[in-house]
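Residue numbers (our numbering), protein chains in the order written: chain G, 1 to 329; chain Z, 1 to 324; chain L, 1 to 310.
Read the hints as simulated data drawn from the structure, not as lab findings.
Beta carbons: idealized from backbone N, C-alpha and C, even for Gly.
Hints are not guaranteed to be accurate.
Okay, the calculated bits of chain Z under chain G, using three or more residues with CB under 8 Å as the criterion [stated by the list, open to error]:
id : region
1  : 28 to 38
2  : 115 to 124
3  : 209 to 216
Over 12 Å on every C-beta distance to chain Z, these chain G residues come out as not near it, computed from the model [as the list claims (entries may be wrong)]:
id : residue
4  : Ser51
5  : Arg89
6  : Pro175
7  : Ala193
8  : Val196
9  : Gly207
10 : Leu256
Pairwise CB distance ranges, derived in the manner of DEER restraints [stated by the list, open to error]:
id : chain 1 : residue 1 : chain 2 : residue 2 : range
11 : L       : Gly296    : G       : Val281    : 21 to 27 Å
12 : L       : Gly296    : G       : Thr69     : 55 to 61 Å
13 : Z       : Asn285    : G       : Thr69     : 32 to 38 Å
14 : L       : Pro224    : G       : Asp240    : 31 to 37 Å
15 : Z       : Pro294    : G       : Gly70     : 29 to 35 Å
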Amino acid sequence: MTALLEVTDLSRTYEVRRGSWPFGKVATLHAVDGVSFELQAGRTLGLVGESGCGKTTTAKLVLGLVPVTGGQVRIAGENLPAAGTQPWRTLRRRMQMVYQDPLGALDRRLSVGRQVMEPLAIHGLGGTEAERREKALAMMDAVGLAAHHFDRFPHELSGGQRQRIVLARALILDPQLLVCDEPISALDVSIQAQVVNLLLALQQRLGLAYLFISHDLRMVRQVSHEVAVMYLGRIVEQGDPDRLFSAPAHPYTQALVSAIPTHARQKKRRMVLPGEPPNPVDRPAGCAFHPRCRHAVARCRIEAPALRVLADGRRAACHLAEQIAASAA
Amino acid sequence: MNEQVLSSVLVSLHGLTVDFDTGKRIVRALHGIDLEVRRGEALGLVGESGCGKSITWLAALGLLGGRARVGGEARLDGRNLIGAPVHELEQVRGRRIAMIFQDPSSSLNPVHRIGRQLCEALQLHRGLRGRAADAEAERLLDRVGIADARRRLGDYPHELSGGMNQRVMIAMALAGQPDLLVADEPTTALDATIQAQILELLGEIRRESGMALVLISHDLGVVSENTDRVCVMYAGRIVEDAPIDTVFDAPAHPYTKGLLAALPELEGPRRALVPIAGVVPEPSNLPPGCSFAPRCDRRIAACETAIPPGIPLAADHRVACIRA
Amino acid sequence: MLRYLAGRLLRAILTIFLVIAFAFFVLHLSGDPAMMILSVDAPPESIKAFREAWGLDRPLWVQFLSYIGHALQGDLGNSMRDGRPAAQLVFERVPATLAITLPAFALKLFIGIPAGIYAALHRNSWADRLTMMVSVAGFTVPSFVLALVLVLVFSVQLGWLPSAGSDKPTSVILPIVTLGIAGAAILARFTRSAMLEVLGQPYIRAASAKGLQWRKVVVDHALPNAAIPTTTIVGFMVGTLIAGAVVVESVFAWPGIGRLLVSSVSNRDLAVVQAILLLVAATMVTSNIIVDVIYGWLDPRLRRGGARGR
């Protein structure tokens with residue numbers, strides 16, 4: 001069956017000028033460079049990586065918020081229409097976004113109930129004002145908020161409650177796909193669990209698909225059916241979360257997993273990744289990761305590895321993927 | 001359990017309280033903190049937003065500003081820092097107790113070069129000037145793992161990444177050769193791999209210099225890997241104080257248990273997360289009795305009437321819960 | 001850097017040109033200079049002769065081009081009142097205006113800025129509240145009201161200072177004070193907010209945590225950062241040094257550019273008005289450029305842009 005979301009060879013480049021006009025050469029920044037994945041209805045794809053890896057840009061490309069410079073986005077088999085057009089707006093009903101900062105995503109001057117109702121008004125759905133209000137109340141109930149919260153303002157609610165409002169607002173149009181960009185990082189630990197459980201319950205009930213973007217690997221593992229690790233605009237490893245995290249096939253995934261602080265007793269050999277993530281404009285030749293990789297060999301400097309399928313069904317973009325996976329197991 | 005020779009106590013806090021005067025009323029943010037930091041020890045301070053973990057140390061160093069009223073004791077070498085005259089505190093800050101903060105890029109003055117800010121600390125604490133100061137600044141930057149240190153001295157903070165700025169902050173903290181470094185969420189704003197680098201650096205420095213470390217974080221994982229002992233805080237009080245292994249293997253306080261249950265694992269079978277119901281109470285609106293009671297699944301009537309004192313469960317394990 | 005300045009200079013010249021063009025067309029379209037100068041019931045022949053003599057009968061755009069052409073050679077036209085070159089008339093008056101605006105500027109700086117800093121450092125104290133109340137009064141009270149009040153107190157009641165004119169050495173005092181107060185008030189308020197903003201930044205707390213004395217923290221860390229936004233306002237005040245005293249000069253009958261502007265406008269003495277506007281535009285634009293350069297010096301983030309490394 002066709003995937004709900006199908007992304008093929010997606011690219012987004014920016015022309016940047018190093019130095020001030022009119023000096024400085026123009027360089028190309030590959031924010032997203034040839035990303036491909038599929039997302040079926042009712043499933044979650046986790047996208048992880050550090051700053052500058054392109055995960056947020058990917059999210060925006062998927063929704064059409066940023067124009068694509070290469071590749072394709074297909075929703076339920078149809079190409080994504082150009083942004084701003086009526087077909088795009090209609091399609092947007094089926095795809096919504098949830099952001100990191102719930103306070104920033106909500107209008108400070110409107111009551112939260114009205115903000116949940118607003119998407120219905122924008123798309124001309126939901127019948128009369130009273131009917132929309134009913135729907136909004138029902139949605140708020142579904143996310144675990146009481147009716148008396150309807151007239152509150154965002155600053156009167158806690159962080160977790162605000163994020164629930166953002167979710168309610170995103171869900172009121174009955175979307176099929178929810179793009180969540182760091183939806184829980186701004187919340188306290190005990191609230192994160194509440195919101196994550198809510199997301200999972202809603203997925204069960206409504207058959208939602210999630211594109212879950214986060215830097216928190218543990219949370220990603222908790223919610224995802226499949227995980228893709230990004231580095232400098234490319235996917236370097238993709239596959240089943242359990243296998244990916246327990247026996248990473250790419251050195252960068254290894255480093256990410258190793259970097260997660262865990263209770264000392266359970267910790268495996270610690271691998272600290274040297275250096276800084278390079279400037280996306282200065283992408284190294286060959287494999288983008290090779291300057292920081294302790295397994296790098298001559299081939300890595302010259303030839304950029306393709307994302308290929310490994311024996312266990314995972315994909316990894318590393319010439320030495322099999323050895324890496326074996327050594328970590 | 002190992003018998004360790006316990007080193008002497010470096011800093012001890014007794015009944016530390018902090019009240020904020022908001023103009024309209026006084027709100028108590030810290031309700032009597034008791035804790036000790038020994039020489040060379042690594043102590044973790046864990047809690048969610050608003051629990052008072054940062055305020056504790058800002059209060060001890062007198063950095064809270066005019067609206068805060070601090071009570072209780074914070075003893076360093078027997079001297080109480082609370083209420084001490086400013087010039088005494090200035091002697092302590094940076095030289096005996098140094099502090100680094102959460103967002104390194106905004107903790108550095110944007111209009112001064114890195115070298116100047118480092119030399120400022122060196123002059124203040126070690127009387128170094130000119131060439132000698134520059135040389136030492138370079139050595140410090142090198143020590144914290146900044147490549148091309150000499151060139152970096154002439155850079156401005158906005159020209160360095162977050163991770164590098166945090167290294168600079170650590171270098172500045174080391175300039176005074178302090179006995180204790182308080183690191184307030186030092187890696188929260190940084191990427192995971194950079195976080196690992198910084199924590200590793202802190203560990204190295206500790207081992208080399210015997211400096212004590214207080215690591216403040218909301219992340220139990222971060223604290224578990226880098227400290228020997230942890231204090232868990234909730235709503236302005238310490239609710240549990242135990243060695244790291246104990247906290248993970250046999251947590252006693254329901255809040256600690258709740259935090260652990262709410263954290264997903266990276267390995268092993270995937271289990272449902274068990275969130276802690278409810279929300280953290282507002283400091284101005286604390287429930288009577290135990291602050292955690294409304295969210296606690298083990299509460300009884302007695303929990304709602306009296307604030308539980310710290311009950312010693314073992315020589316090194318204290319819990320503020322009558323049902324532990 | 002040179003390229004940057006060249007670009008700014010070009011934009012500056014364009015701005016000045018636009019100001020002149022705007023002034024030119026508005027002035028020429030808003031009333032007949034001949035009738036103003038010769039009086040309404042002058043015979044039509046003399047009006048016609050006047051217009052011919054001054055080239056006012058030519059099409060507007062021809063007049064404009066002719067004006068620009070002459071201006072580029074330094075000839076800004078002649079006053080229609082007394083025939084003297086406009087440029088000369090205007091420059092004659094500059095010293096008088098500067099005699100009150102420069103000291104007023106110094107007053108604004110040396111009272112306004114310290115007051116603002118003090119208020120910020122002692123926030124919510126009685127000193128802070130007093131300073132802020134006084135400063136609100138200072139800039140809300142219109143300058144002519146303030147001038148008249150000062151005249152009432154110091155000239156009429158106390159008889160210490162002259163109420164108008166420029167003959168005595170003490171005549172300069174009241175105009176300077178009137179001008180200075182409003183500016184000092186604005187600057188105090190602005191400096192206070194700039195300081196408060198800076199004092200709330202994490203690096204101030206970090207500097208204290210280093211063990212620096214508070215005085216050093218304020219002087220070495222806070223002030224240089226607070227100077228950045230304050231420079232904007234100061235730059236603006238520099239730009240108004242020439243023409244910012246129109247009301248005050250009128251109230252005190254001070255023979256400066258402000259008074260000249262008022263009389264030239266009511267007389268439709270076009271060349272003089274345009275000459276003054278040209279001077280004002282040039283001053284403003286120059287001070288803007290200087291402020292931009294100073295910004296770059298004060299705030300390294302604006303210098304070359306972007307982070308190195310990452």
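How the hints compare with the structure:
Only when three residues or more bring their CB closer than 8 Å to a CB of chain G does the claim for the region 28 to 38 of chain Z stand; here the count is 0, and the claim is violated. With 0 residues bearing a CB less than 8 Å from a CB of chain G, the region 115 to 124 of chain Z misses the requirement of three and the coverage assertion fails. Residues of the region 209 to 216 of chain Z lying with their CB closer than 8 Å to a CB of chain G number 0, which falls below the three-residue condition for coverage. At roughly 6 Å from the closest C-beta of chain Z, the C-beta of G/Ser51 falls inside 12 Å, breaking its exclusion from the interface.
Distance check for G/Arg89 against chain Z: the nearest CB is about 36 Å away, which clears 12 Å, and the non-interface claim stands. Here G/Pro175 stays apart from chain Z, with its beta-carbon at least about 24 Å from theirs, past the 12 Å limit. Look at G/Ala193: its CB is around 4 Å from the nearest CB on chain Z, not clear of 12 Å, so calling it non-interface is violated. Once the 12 Å rule is applied to beta carbons, G/Val196 is inconsistent with being away from chain Z; the minimum gap is 6 Å.
No Cβ of chain Z approaches the Cβ of G/Gly207 within 12 Å, the least distance being about 19 Å, so the stated non-interface status holds. With a minimum CB-CB distance of about 6 Å to chain Z, G/Leu256 fails to clear the 12 Å threshold, and the non-interface call is violated. Separated by about 24 Å at the C-beta atoms, L/Gly296 and G/Val281 satisfy the suggested range of 21 to 27 Å. Taken as a hint, the range 55 to 61 Å is violated for the pair L/Gly296 and G/Thr69, whose Cβ atoms sit roughly 34 Å apart.
A C-beta distance of roughly 52 Å is found between Z/Asn285 and G/Thr69, which places it outside the suggested range of 32 to 38 Å. Checked against the hint of 31 to 37 Å, the pair L/Pro224 and G/Asp240 fails, with Cβ atoms roughly 55 Å apart. Between Z/Pro294 and G/Gly70 the beta carbons are some 54 Å apart, a value that contradicts the proposed interval 29 to 35 Å.
When each numbered hint is compared with the structure, violations occur for hints 1, 2, 3, 4, 7, 8, 10, 12, 13, 14 and 15.
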